[in-house]
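Student: Heads up: the sequence shown begins at 0 in numbering that gives the first Met the number 0, then just goes up one per residue.
Since the hints were derived computationally from the structure, they do not count as laboratory data. Just so we're clear, the structure is a prediction, and the values are computed from it rather than from any experiment. It cannot be assumed that every hint is accurate.
To be verified - In silico SDA-like pairs for lysine to any residue, Cα to Cα no more than 20 Å straight-line:
| hint | residue 1 | residue 2 |
| --- | --- | --- |
| 1 | Lys-76 | Trp-205 |
| 2 | Lys-112 | Ala-134 |
| 3 | Lys-75 | Lys-273 |
| 4 | Lys-112 | Thr-132 |
| 5 | Lys-273 | Asp-69 |
| 6 | Lys-188 | Arg-204 |
| 7 | Lys-188 | Trp-205 |
| 8 | Lys-174 | Ala-155 |
| 9 | Lys-75 | Gly-260 |
| 10 | Lys-174 | Glu-158 |
| 11 | Lys-94 | Arg-139 |
| 12 | Lys-92 | Leu-102 |
| 13 | Lys-124 | Glu-274 |
As the list claims (entries may be wrong) - Label-pair ranges, simulated between beta-carbon atoms:
| hint | residue 1 | residue 2 | range |
| --- | --- | --- | --- |
| 14 | Ala-168 | Pro-217 | 48 to 56 Å |
| 15 | Glu-228 | Arg-204 | 57 to 65 Å |
| 16 | Asp-69 | Asn-110 | 23 to 31 Å |
| 17 | Gln-201 | Ile-133 | 51 to 59 Å |
| 18 | Ala-163 | Gln-125 | 55 to 63 Å |
| 19 | Pro-225 | Asn-196 | 45 to 53 Å |
| 20 | Ala-155 | Phe-209 | 45 to 53 Å |
| 21 | Asp-268 | Thr-132 | 27 to 35 Å |
| 22 | Ala-155 | Ala-222 | 26 to 34 Å |
Cβ atoms here follow ideal geometry from the backbone N, Cα and C, with glycine treated the same way.
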Amino acid sequence: MGKWGDHCPGGRLLSSDNDKGRRRANNAPPASDSYVESCIQDAFKNPPGTLRIPKNRSKNAIEETVSIEDHWQVIKKAFTTASETSGGLKNRKHKEWITPETLVKVEKWKNIKNILNNSKTRSAKQLASEEYTIANKDVRNSARRDKRAFVDKLTAEAEEAARANNIKALYDNIKLLTGKYQKGSRPVKSKEGKTLNTHEEQMKRWVEHFKNVLNQDPPVNKADIPPSEELLAVDCKRPSTEEIKKADIETSTQMLYELFGKIWEVEEDPLEWKEGHMVRL
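Let the hints inform the model, and build the full structure from the sequences given.
Tutor: Next up, the structure:
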């Protein structure tokens, strides 16, 4: 476990500092609201990169030597790490035919795109634009090769199934090739086990089935189920941004209050606050 492993009891959540990018274990139970809130509060108490004040120096002296940019990065890292530690990372699924080599090229393409968006000068933007064009073309060609190899594999399997007279495998491969693969429902049968082909016969059988299932005599002995002593407030949803901010409102307020006060006095904003992206609607 990394340095964040001690924040949550039992070590059910993976470290987000030394084990960045990893997901929560499959056998780990979902965290409740109180559990997530306690983890976020613990994460805020001692976030990585916190500005620690030596005993022989005052807080004001430390604040004078720390820039607004460094102060903002510390707060940003505290929120980000606390969110990753308590809520985990989203698990994204890729197409089954995409190879790991193509995924590496996609990550390279994303990095070049970020460089292009953050370029300030005309020469840097032109250079990044040329690299972006090459990377984009490389990703498209690699994905096209992967798709072709996947289709060729399915075609070979379908031909092999046809030669072996395996109708089910042949049908499944054809459905995958046409992009309309969907498992059909099981056939409806009568009480005698005969398959019903027409729609009217199937509907009559369903009516008969639900009449027998739902129209039952009331039970002789009613079950005595006592009310629960306490309600279990279990919510498996991920904490939202507002919930993360309110998890430890005192710590969040103090952190942001010091930053806003310094910005007001120095009249200087963090660099990230001055950036923006144009979205075409």
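Student: Which hint numbers doesn't this structure obey?
Tutor: 1, 15 and 22
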